[in-house]
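J.: Each chain, written out:
Protein chains: 4
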Amino acid sequence: MINKKRFIAVIGGSQCSPKEARLAEEVGRELARQGVILVCGGLGGVMEAACKGANSEGGVTIGILPGENHQAANPYVQIPIVTGIGHARNMAVVKSAQAVIAIGGSYGTLSEISHALQSGIPVIGLNTWSLSRNSKQDNSIILAQNATEAVDKAIELATDQ
Amino acid sequence: MINKKRFIAVIGGSQCSPKEARLAEEVGRELARQGVILVCGGLGGVMEAACKGANSEGGVTIGILPGENHQAANPYVQIPIVTGIGHARNMAVVKSAQAVIAIGGSYGTLSEISHALQSGIPVIGLNTWSLSRNSKQDNSIILAQNATEAVDKAIELATDQ
Amino acid sequence: MINKKRFIAVIGGSQCSPKEARLAEEVGRELARQGVILVCGGLGGVMEAACKGANSEGGVTIGILPGENHQAANPYVQIPIVTGIGHARNMAVVKSAQAVIAIGGSYGTLSEISHALQSGIPVIGLNTWSLSRNSKQDNSIILAQNATEAVDKAIELATDQ
Amino acid sequence: MINKKRFIAVIGGSQCSPKEARLAEEVGRELARQGVILVCGGLGGVMEAACKGANSEGGVTIGILPGENHQAANPYVQIPIVTGIGHARNMAVVKSAQAVIAIGGSYGTLSEISHALQSGIPVIGLNTWSLSRNSKQDNSIILAQNATEAVDKAIELATDQ
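Residue numbers (our numbering), protein chains in the order written: chain A, 2 to 162; chain B, 2 to 162; chain C, 2 to 162; chain D, 2 to 162.
Any given hint could turn out to be false.
For identical chains, the list gives no copy identity; a pair is met inside one copy or between any two copies.
Said to hold, decoys possible - Below, simulated BS3-like cross-link-like pairs (lysine-lysine); rule was C-alpha separation at most 30 Å, straight line: (1) Lys137 x Lys154; (2) Lys20 x Lys154; (3) Lys137 x Lys6.
Bear in mind the hints are in silico, worked out from the structure with no lab data behind them.
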C-alpha cells in the first residue's frame with residue numbers, strides 16, 4: 002500500500018533538447034530516491050525522461066493526460082489519468098502536486114507555471130521561463146542550478162494546502 | 002513499483018444508504034484482492050466506502066477530485082488527483098478506468114454512466130439507474146446481483162482502448 | 002445591444018433522423034419568435050437544425066464547442082465559444098441555460114440531461130431518454146408532444162438560479 | 002441577427018488599479034465602435050471595466066464564467082457562459098477570440114496569455130507581463146502604448162484559425 006505522501010510535478014516540453022532530457026531524468030531519479038511520487042502530463046520529452054528516471058529508481062509515476070485514452074502515455078507512466086479535457090489538464094497537473102519543477106518548456110509549460118503560482122504552489126525552475134511585470138522582475142520562480150538542488154528545494158518548499 | 006495494470010472505477014453518491022456503503026466496501030475489498038487499482042471521485046459515500054474496502058485488503062486507491070485542493074479527499078484515498086474543474090471531473094473518473102461499477106447514485110452518477118457508455122467503457126450496475134430511449138429499453142448497463150459478481154464482470158469486460 | 006435575457010439550450014445528437022431535425026428546427030424557430038437566445042453544443046444534427054430554425058426567425062444562436070477552433074461550428078452558429086475541453090463542454094452547454102430541451106440523442110445527450118438535473122435546471126424531453134432508478138420511474142424529464150409545447154414549457158419553467 | 006464577426010478577448014485582473022480600469026474601459030469602447038464582440042472572463046476589475054466601455058457604445062459582451070451560475074457575472078455582461086470548470090475556463094476565454102488584449106493582470110492573466118500564445122492567437126499587451134526564456138527575451142507579446150493602438154493592432158492581427 003502507498004501511504005499518502007509527497008507529490009511533486011515535473012513540467013516541461015513534450016519535445017526537448019538532449020540536455021533537458023538528461024536534467025529531467027536526473028530529477029526523476031532523485032525524486033524516486035527521496036520517496037516522492039512524480040506527477041506529470043504523461044506525454045513525451047521532459048515528461049518521459051522524468052518518468053524514465055523515476056522508474057529506474059523504483060519510483061511511482063502519475064501521468065495526467067490531455068486526450069481521450071491512456072495509450073498516449075509514455076511507457077514509464079504507471080498511473081495514467083485520462084482527462085479528455087485537452088490543455089485544461091495542465092491545471093490538474095500542478096494542482097495535484099505540492100511543488101513543481103519546471104525544466105525548459107514553451108507556452109504550455111508557462112501556463113502550468115502560471116496556474117501553480119496562482120494557486121500558491123512553489124515552482125522551482127531549471128533553465129526555464131523568467132517573468133517580469135510592468136518592467137519589474139517577478140522572482141516567484143525559484144532558480145536551481147542542477148537536478149539535485151531542484152529536488153531538494155521542491156521537497157523543502159512543498160506546501161500542504 | 003506499480004506495474005501498469007487494471008484500473009476499475011467505482012461510482013455512486015457522495016451520500017449513500019448503509020446498504021450501498023456495505024456493497025461499495027465489499028466491491029473495494031474484492032477489487033483489491035484481485036489486484037485491481039480502484040479509481041473514484043475521491044469524496045464520501047460510495048467513494049469512501051469503496052476506498053475503505055480496498056485499503057483493508059492492501060489495494061491502491063485513486064481519487065479524482067472536483068475541487069481546488071486534496072483535503073476534500075476521503076481518508077482512504079492514497080493518490081489524490083486535484084482537478085479544479087468541478088463536475089467536469091466526472092468524465093476523467095470513467096475515462097481513467099477500463100470498466101466502471103455503478104452503485105446506487107443520483108444525477109452525478111448518471112452523468113458518469115453516460116460518459117462511460119459514450120466512450121465504450123463497460124458499466125456494471127448494482128441497484129442503480131436503468132435507461133430507456135424512445136420507449137425502448139437500453140440494456141447497456143450490465144446488471145450484477147452482488148459485489149463479487151460486479152467485480153468479476155468488470156474484470157472480464159475491462160476494455161483496453 | 003442585447004439585453005440580458007432568457008437562454009434556453011437545445012440538446013440532441015450530432016447525427017439525427019429527419020424527423021428529429023424537423024422537430025429541432027421548429028423548436029429553434031419558436032425560441033427565436035419568443036425572443037429567447039438559443040444555446041447548444043454548436044455541431045451538426047439536432048444542434049444545426051435548431052440553429053437553422055432560430056436563424057430563419059432572426060434569433061440569436063450560441064454554440065459551445067468541444068474542440069480547438071471555431072470552424073467546427075455549424076453555419077448557423079452566430080456566437081461560437083471555443084472551449085478545447087472536449088465532452089466536458091456538455092456541462093457548460095446546460096449550465097449556460099435556464100432550461101433545456103432534449104430532442105432524441107444518445108449518451109452524450111444523456112450526460113447533458115444528467116448535468117442539468119444535477120444543477121436543478123429543468124429538462125423538457127421530445128422523444129428522448131426516460132429514466133428509472135432502483136426500479137422506480139424518475140419523472141424529472143418533463144415530456145412534451147411537440148415543438149411548441151416544449152418551448153412553452155421551457156420558458157415557463159426557466160429558472161433564474 | 003448578429004452576423005458572424007470579429008471576437009476579441011480582453012484579459013486582466015478581477016481586481017485592478019484605477020488606471021487599468023480606465024484603460025480597459027477605453028479598450029471596451031473602442032472595440033464596440035469598431036463593431037467587435039468583446040469576450041472576457043465575465044468577472045470584475047479589468048473585465049468589468051471593459052464590458053462597461055463596450056456597453057456604453059452599444060457593443061456586445063460575452064463573459065465566460067468559472068463558477069456554477071451566471072450571477073457572478075458583472076452587470077455589463079450580456080451573454081454569460083457558465084462553465085463550472087473554474088480557472089480551466091481561462092483557456093476558453095482566449096480560444097474563443099481571434100486576438101487578445103492583456104491589461105495588467107496577475108498569474109491568472111499570465112495563464113491566459115500562455116494559452117493564447119500556445120494556440121497561435123496574437124496577444125497585445127498594455128502594462129502587462131513580459132517574458133524571457135533561458136535568459137533570452139521572448140517578444141511574442143506585442144506592446145501597445147494606449148487603448149486605441151491596442152485595439153487597432155488586435156484587429157489587424159486577428160487570426161481566423
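J.: Does each hint fit the structure? Answer for all of them.
T.: Against the structure, the hints come out as follows:
When the C-alpha separation of Lys137 and Lys154 is checked against a cutoff of 30 Å, the pair qualifies both within a copy, at 24 Å, and between copies, at 25 Å. In the homo-oligomer, the alpha carbons of Lys20 and Lys154 lie at most 30 Å apart inside one protomer (21 Å), although the nearest pairing across protomers, at 38 Å, exceeds that limit. In this assembly of identical chains, the alpha carbons of Lys137 and Lys6 never lie at most 30 Å apart, being 37 Å within a copy and 37 Å across copies at closest.
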